[in-house]
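*Asks:* Here is how the chains run, residue by residue.
Protein chains: 2
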Amino acid sequence: MSTFVVVGGDAAGMSAASKAKRDNPDLEVVVFERGQWVSYGACGLPYYIKGEIQSLEDLVSITPEQFREEREIDLRIGHNVIDIDPDSRTVTAQSGHEALTQTYDYLLIATGAAAVTPSIDGLDLTGVYTLGSMSDGKELREYVSRARSDRNLQQPDRGPACQFLETCNGPVGIVGGGYIGVEMAEALAANGFEVHLFQRGDRILKQFSEATSEVVLEHLVDQNVAVYLGSEVEELTGTEAVEAVVTTDEHVPVEMVLVGTGVRPRTTLAEDAGIKLGDTGAIATDTYRETNVSDVYAAGDCAEARHVVTGEPVYVPLALTANRHGRAIGQTVAGTPTEGGGVAGTAAVKAFDVEAARTGLSDPEAREAGFEPLTQTIDAKSRAGYYPEGGTVRVTLTVDGPSGRVLGGSLVSEYGEGAVHRSHALVGAVTEGISVDELSKYDLAYAPPFNTTWDPVLTAAKVLSGER
Amino acid sequence: MSTFVVVGGDAAGMSAASKAKRDNPDLEVVVFERGQWVSYGACGLPYYIKGEIQSLEDLVSITPEQFREEREIDLRIGHNVIDIDPDSRTVTAQSGHEALTQTYDYLLIATGAAAVTPSIDGLDLTGVYTLGSMSDGKELREYVSRARSDRNLQQPDRGPACQFLETCNGPVGIVGGGYIGVEMAEALAANGFEVHLFQRGDRILKQFSEATSEVVLEHLVDQNVAVYLGSEVEELTGTEAVEAVVTTDEHVPVEMVLVGTGVRPRTTLAEDAGIKLGDTGAIATDTYRETNVSDVYAAGDCAEARHVVTGEPVYVPLALTANRHGRAIGQTVAGTPTEGGGVAGTAAVKAFDVEAARTGLSDPEAREAGFEPLTQTIDAKSRAGYYPEGGTVRVTLTVDGPSGRVLGGSLVSEYGEGAVHRSHALVGAVTEGISVDELSKYDLAYAPPFNTTWDPVLTAAKVLSGER
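Chains as they are written, first to last, in the numbering used here: chain A, 2 to 469; chain B, 2 to 469.
So that you can see chain A by itself, here it is in the shape it has in the complex (with noise of 0.2 Å):
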């Protein structure tokens, strides 16, 4: 009988052992987990934090119990790996004081990623949080909670945050424009809370096209979001709690930071055990997500994928990616050699009531990538025009000059108008690498309650084709 391990009991981690185990039921599973929390949606906390998730179990699809009874997972939370040994192929795991040694016949490492913190002063004062884990979770909303009820709020607002006002909770900083940044935005306003965001670079969301960015962009503003951009911040001052915000140009008094600028892949354990990273800092792996060490994978958000665009191996740890990849692992080691898939860099977010996403390469990135991208941007109805509801979908699409492959596109509207959803025909446009004339002569769905005759994307295609 042959034993699988998994290291790290996220998506990545679970979606491998549940699939192994269903696809060979005489495979051994066993799972570590150093936390006490398996299979957890943290894409969720946001919401739980906001307040329109009531429990944190809440964030979970499978518990531990149905892991382990019905799926026959051997999973061990509070088990801490420390060790990774490929040539006795054993994994050795701390549980409190005690430690024990693990066989394997194949290994799955799915450490995750950690929060990145500035190397600034102050980040270890009291009421400076990061959002990477459950815990992370628990303790911002414990903060929230408490100023919720000293102002006594029973719901979660769904209007603009509070500003300048006496009754304000907070004032809360947000080191940091990307999803978590913006997210959480959205989170604390709920809350009553005075919300200052800080972003080193020009624009929030810098993965997104810059006509995406300034949409969301005005809509923070428009929602009384303090948007200092181009901020670097210098220290978080404060005795214990902290107190402000220190800028290069300002001095913001605050009672929370939240800290969001990105996330790093957990690759320690690995690197002890001789497998190889890759240019971008993470785990290197080959498109059965196989590291350099025979029978041991790699997945998630502590590995690399592959871009469907470039080929090249980049760093986008996703839900989608780890569960995907861990799958696929899982079907591997069950007998049945699978490749995951690459990405295409595809990215969602939600921030009060726009939505925006993006996929495939930006304008910078293709021209990075040796293309010699064209790029342009359309606002279009999101419904017919005579149609009584709607609103305006801005998408923008990058093509390769010469050839005319479409290569990424960046898209966003209000709330419910279907930026998100719209981005999937440009996601099979770009993996597929096919011309943006092509692209424009799509048969997309169109009723008038949906879009234009020519919908959102198919009118950037036209432009776009049009202009070669």
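Bear in mind the hints are in silico, worked out from the structure with no lab data behind them.
Incorrect hints may appear among the rest.
Because identical chains cannot be distinguished in the list, a pair is counted as satisfied if it fits within a single copy or across any two copies.
Claimed, not checked - No farther apart than 16 Å at their CA atoms in a straight line, the calculated lysine to aspartate or glutamate pairs in the EDC-like style are these:
1) Lys382 with Asp59
2) Lys463 with Asp24
3) Lys463 with Glu340
4) Lys463 with Asp438
5) Lys277 with Asp296
6) Lys139 with Glu58
7) Lys463 with Asp380
8) Lys463 with Glu439
Place chain B on chain A using the hints.
*Replies:* Frame of chain A, contents of chain B only:
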């Protein structure tokens, strides 16, 4: 100077005229339209009749004056073309008692479609309507308005249809359970009518999957629409005005009947000129939409198109194809030969509070085309399970068993839960002929407010991929 003559001033005709003139301003462009309306959104008529759109003019995207003055198109409304002579390259148009002859270098036949009426007695009774033209829409709105004012309704309702109450408007009958039938059920229900819908086959929306039809049917029934399946209408009875719909089994008293049993291409003019029809009964063309007669093109609801899966000519009269093919013909006659692209048979419909889309080949269509279809239907959450909003997306996916090629799909969800926009993911898959394994690895956008980690489309692909 060359002359481009267009017969028919709706989607295909005006798209071609506009594009040709824009790309080659030296071209003389003459459009003959026998009615008074050009470039109108007939797809919006149900919403006009419902009362959500106030004026018929709102459905017109570009007015005749704009075509004449801004686009410099010689647009002649009220001109009925009665003859085409390819030998002398002339058309003869009648306006009132006068006839005029116009020469052409290029000709586009865009004569559209006419409502099919079943061969039953009683169609000439007062109160029997079809919905093929703007004037049909006008008459129906007038009928509805009279009933509304009788009932003192200020706004269209958004709730279910009135049923078996003294205060109901109607009852009214709808013959046909296709797009027009379900859209008009919503429109009439919103105006206080008791609505009876008669469908000859054993399900409504027969172009969609059975699983989709089932959801829409249940919803119509929930909305108090009386739906009669497998119901052959034998006659409409009444003395002057219609009084009852008589089927094999039923005698249902009604005050109005809408016949929505599909459309057929208007081809008489073309046939008389020696232009060939295809097996579908619509005008046959090549990939440039040119007919068997040199320099004579056909597009829109009178013409065939090539199916992207089978490569065979089909008759799928829908708005986007008309626009796209018209535009391509405009480019071609302006000097840049341009193919209009195929059709995937994609369509979308809203019925009360559900939305549905379909694309590609259904299971029976695939079988008929020589594939060995494998079809599965899944129900999936439309958003993360813990997210406070959301519903269910039902996806039916059809693939070719031996090759795994994605052939088609059908989706349905609550209105706003994205069945229609999510279908964008399938259009590319169907058009590019990719396998369901590939589709299951697409990096589609994910965030909790928009889907589960695996979008419902991916879940369906994953299930079918596992079954092959």
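*Asks:* For each hint, tell me whether it holds in the structure or not.
*Replies:* Hint check:
For the homomeric pair lysine 382 and aspartate 59, the shortest alpha-carbon distance between copies (15 Å) is at most 16 Å, but the shortest distance inside one copy (37 Å) is not. For the identical chains of this complex, lysine 463 and aspartate 24 are inter-copy neighbours only, at 14 Å across copies versus 46 Å inside a copy, given an alpha-carbon limit of 16 Å. Taking the closest pair of Cα atoms, lysine 463 and glutamate 340 come within 16 Å of each other only across two copies (14 Å); inside a single copy the shortest separation is 35 Å, beyond that limit. Within a single copy, lysine 463 and aspartate 438 get their C-alpha atoms as close as 7 Å, which meets the 16 Å cut-off; across copies the closest is 30 Å, which misses it.
When the C-alpha separation of lysine 277 and aspartate 296 is checked against a cutoff of 16 Å, the pair qualifies only within one copy, where the shortest distance is 14 Å, while the shortest distance between copies is 64 Å. Taking CA atoms no more than 16 Å apart as the test, lysine 139 paired with glutamate 58 passes inside one copy only; the shortest distance there is 11 Å, against 56 Å between copies. Only within a single protomer do lysine 463 and aspartate 380 lie at most 16 Å apart by alpha-carbon distance; the minimum there is 13 Å, versus 35 Å between protomers. In the homo-oligomer, the alpha carbons of lysine 463 and glutamate 439 lie at most 16 Å apart inside one protomer (10 Å), although the nearest pairing across protomers, at 27 Å, exceeds that limit.
Comparing the model with each earlier hint shows no violations; every hint is respected.
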